[in-house]
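2 protein chains.
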Amino acid sequence: MSKRILVIGASACGAKAAARIRRLCPDDDVTLLDESRYISYAACGMPYYLGGRVRAMDDLRKTTYGRIRDAAYFQEVKGIQIRTGLRALHIDRTARLVEAEDVATGKSFSFAYDALILAMGAAPKTPPIPGAELRGVYHLTRLEDAEALAAELGGRGRGSAVIVGGSFIGVETAEALASRKWSVTMLERESQLFPGLLDFEIAAMIQEHFFENNVAVELNAEILSFGETDGRVGRVITKKAQYDADIVIIAAGLAPRTKLAQAAGLSLGETGALRVNARMQTDDPAIYAGGDLVENVHLVTGKPCYIPLGSTANKHGRVIADNICGIPSEFPGVQGTFACKAFDYSVGSTGVTEAQAARLHLDAGAVSVCGFDKAHYYPGSQILGLKLIYENGTHRLLGMQAVGKGDAVRRIDVAATAIRLRASIRDIVSLDLAYAPPFSAALDVFVAALNVVGNIATGLMKPVDAREAKALLEQGGALMVDVRSALEFERTHIDHPGVVNLPLDELPRRMGELPKNRKIICVCLLGLRGFTAQRMLDGAGFADVHTLEGGLFLWPWKDELA
Amino acid sequence: MSKRILVIGASACGAKAAARIRRLCPDDDVTLLDESRYISYAACGMPYYLGGRVRAMDDLRKTTYGRIRDAAYFQEVKGIQIRTGLRALHIDRTARLVEAEDVATGKSFSFAYDALILAMGAAPKTPPIPGAELRGVYHLTRLEDAEALAAELGGRGRGSAVIVGGSFIGVETAEALASRKWSVTMLERESQLFPGLLDFEIAAMIQEHFFENNVAVELNAEILSFGETDGRVGRVITKKAQYDADIVIIAAGLAPRTKLAQAAGLSLGETGALRVNARMQTDDPAIYAGGDLVENVHLVTGKPCYIPLGSTANKHGRVIADNICGIPSEFPGVQGTFACKAFDYSVGSTGVTEAQAARLHLDAGAVSVCGFDKAHYYPGSQILGLKLIYENGTHRLLGMQAVGKGDAVRRIDVAATAIRLRASIRDIVSLDLAYAPPFSAALDVFVAALNVVGNIATGLMKPVDAREAKALLEQGGALMVDVRSALEFERTHIDHPGVVNLPLDELPRRMGELPKNRKIICVCLLGLRGFTAQRMLDGAGFADVHTLEGGLFLWPWKDELA
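One line per chain: the protein sequences are U and A, in this order. Read in order, the letters of the first sequence are residues 1 to 562 in our numbering. Read in order, the letters of the second sequence are residues 1 to 562 in our numbering.
Hints are not guaranteed to be accurate.
In this list, chains with the same sequence are indistinguishable; a pair is considered to hold if it fits within one copy or across any two.
Taking lysine-lysine pairs in the DSBU-like style, the calculated list, with each CA pair at most 35 Å apart, reads [what the hints assert, rightly or not]:
(1) LYS107 x LYS519
(2) LYS519 x LYS3
(3) LYS405 x LYS107
(4) LYS107 x LYS470
(5) LYS519 x LYS62
(6) LYS62 x LYS470
(7) LYS259 x LYS516
(8) LYS62 x LYS405
(9) LYS374 x LYS405
(10) LYS519 x LYS470
Rather than coming from a laboratory, the hints here were simulated on the basis of the structure.
Chain U on its own, in the form it takes in the complex (with noise of 0.2 Å):
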């Protein structure tokens, strides 16, 4: 018997769930309701297309094969009903009817459903700051947003601008809009970028990478007003300084677009956002939900979230026709993957942070390792710096961070994989990976910052972060023994009268020149003729030699560096 499917929000979810019902179930009525102009676009390329390396607008609505994603090709093509410009106003469970409204005319309409798909997708969070109405105030949410941004940006040649937010959305506007040689300054309301994200030593090389690219960065930022000019945004103001803005764009955050559901009963989860079974079914049976608009299990926590993301929002359609068409099928929830390109650097995250680890009292360690994405000979050869946090006892892999200009991704989808299947680092531990000299080092990265793990699992590796490394030479607790080059010391260094320099090829003989029972801390660029000294120096029977994990590649305070 054909059903009657109804789906609201013909973006990632809602299209894509969508599209399979028609395909798993032909006979089915599927009526796609969007409230927009526009429908089904990459809203995740908007960032590209402002930056201009995506060049048309349209390009973000093509298929592969360049077919535009219209109401047209969804009628035509994939047999869809499909009526835009239509705001649905409220749901009946009882009679399974849904009421809209056409956006331009008022006219309503009715649509009754045997099965009902919510994907409404979420809204931009916008910060109650005087003048937040003014023009020249954006957001980057709905495929408007970035047309008329691109409008004004094409039509001013260069400017100012102020971006409020320093997550992924702000971090890839940043990009954009510096590479079309805006000057940009991003205000980030927490004390790093990607808040909640990363761990601050890994936001910090992007801050850095930043600073390298003429994008200026005010953390802890509160902003007191957007200032006006002319009857537009001029300036924003914080407690600390005044920019020009010609153009403001907010990336704060997203928002579930909840009301509707919320009016009809359902109930939302503790983190805002509507609550779905593993089926993607909401407290009614007969209505699903996905993508933006719902919060997924976190699966090394196992605690709801809300990370609202193009990628999960694709698998939700998938698992929700599948459900709808008789075929059962669950969404096992998510683990924070994602990955952003910052300039020439790339970074990512999967599974937990340290940060968030220590706030959910998970029994964790982490250490940061670096090394060369291929092998180091190889041109173009970059360093990449991982953190990995782990479950003391059982070595699971609970997290991993990358940033550098190399692959970090392909260690992220690896960790990302690892994380999945639960396994313990001694699982992975020499877990074959693809190896050429393009492509990694004989032993990967991640495969040795595996091995570090083992390392410090056995006592080898005495490691010290870079926050308890500064701590202790700030208070006079330790020495720190650089042991690169002489060369590569005068060109940078930690600038300390605690900080000796003893290349690694000279320690053998002039170790005799350091205090046996000082707490010595063994510095080079990556972390391994560091570790190399600290046991020379064990073996020599220095008493408290350390490692700086990570090292200078991944200290976080290089503008404090001589």
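Given the structure of chain U, go ahead and fit chain A onto it with the hints provided.
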């Protein structure tokens, strides 16, 4: 109590083991013997030195911080006694002595050991071809080979090269010489490139790319002789043709250097390489062995295999060092993961191929899936072809191959991790991989491929592979409906009267033109539009409709396309 550790072979495994033993047990005496002048160099980097991407030969000998890893380095920095130019002649297992001679002077030496590590590696196989001893016929196994070859290449400017062997060393070397504008011919005695390592249609992609890059390939090549000109090689004569050859490079595989071990009564495995247990011990518990000398357990087949790789050798070295120093450690085995760059293409494999699975009588299914490596609208996005091999019933992932201009290696590594952890496709079908437009499609091509297996299992997708499709077409057993646009079809298509073009967009209104009861194969570029068309026709009551898996992107007979 300090131990005397003797290591024979100062390359990947031996050098790694020696260095780690010194770190673990600083009191042990570690002595490292090697026949060659050069030690601990990056052998895998030699093709890139020949091609000029690595500028100086010494770059292959340097640490990440620029110090040459010569005898002095091992001695001074690592505290390892090192003896180069010394050939081990005999192992006296009872007395725990190794006899050796100086290669230059013939002088004898004797070394006592408590633990012995055999890491002599492998020697290149030389096919018994007349003229193989001529000047100008090279191997590329030792740095001395690369040095001589580079000198000759540099002296000649341009010329003609014949490469014997179409596996990864041969392929990398072909790219290197072609990039120097040499005229390159590759001779492979099997019927495909990468024989035994890739399925034929994946290897065919590299062959086609070689064609695009003017590298000639003769498959099923039977070399009769290397012909002499002016006292050196001048041409290569095969049963089919004759090729100019200023130089010949033989890359026909490696044979483990087992002579010394055999003479000492240590057992070889069924592959002919030295047999070791999981702790990397030979029959004699005091004698460890690793690297290219030994065979490994294949984690998917459970059988011994001989896959000499630098990445594996490094892991062996670590396991050996740990066991010698009292940290119980096991090497779990390998899964045949490899990657290779060939011009703009990357190709790789992990686990078993479809051909291997068939040879081993595994109950396995296979499917090819194509998709973009990045968001398709992101500049530089590339199509990747993936081939998944999985156990029928359980859907355990057994293998994956990937090929294309994009990041194939990331997907190989993810699959390698899943295979290592014995994942079924169900375990990872909603895998939370890192997503951002510069890195992947919203649904990563790997996840999309897993979904396809699900679609096949539920009977939704009825795939036909390229070989079967070609046979059906040629026997008149099927109508092939190419559902790409008219423009795409005009540019290139399968050249057969049984192929018609009916664009997907027009299919809904034109499907009446197709025969309802004939076998139909829906074809597109990637396989997705073909699948959509198949479902449309299924839904309209067509009886026997199938999808060409992998689409035209993976069609292996590009030379026959119109």
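Tested hints:
{"no.": "1", "hint": "LYS107 x LYS519", "verdict": "neither (77 Å within a copy, 49 Å between copies)"}
{"no.": "2", "hint": "LYS519 x LYS3", "verdict": "between (73 Å within a copy, 30 Å between copies)"}
{"no.": "3", "hint": "LYS405 x LYS107", "verdict": "neither (54 Å within a copy, 51 Å between copies)"}
{"no.": "4", "hint": "LYS107 x LYS470", "verdict": "neither (66 Å within a copy, 55 Å between copies)"}
{"no.": "5", "hint": "LYS519 x LYS62", "verdict": "between (61 Å within a copy, 31 Å between copies)"}
{"no.": "6", "hint": "LYS62 x LYS470", "verdict": "between (51 Å within a copy, 31 Å between copies)"}
{"no.": "7", "hint": "LYS259 x LYS516", "verdict": "neither (67 Å within a copy, 48 Å between copies)"}
{"no.": "8", "hint": "LYS62 x LYS405", "verdict": "both (30 Å within a copy, 22 Å between copies)"}
{"no.": "9", "hint": "LYS374 x LYS405", "verdict": "both (11 Å within a copy, 17 Å between copies)"}
{"no.": "10", "hint": "LYS519 x LYS470", "verdict": "within (13 Å within a copy, 72 Å between copies)"}
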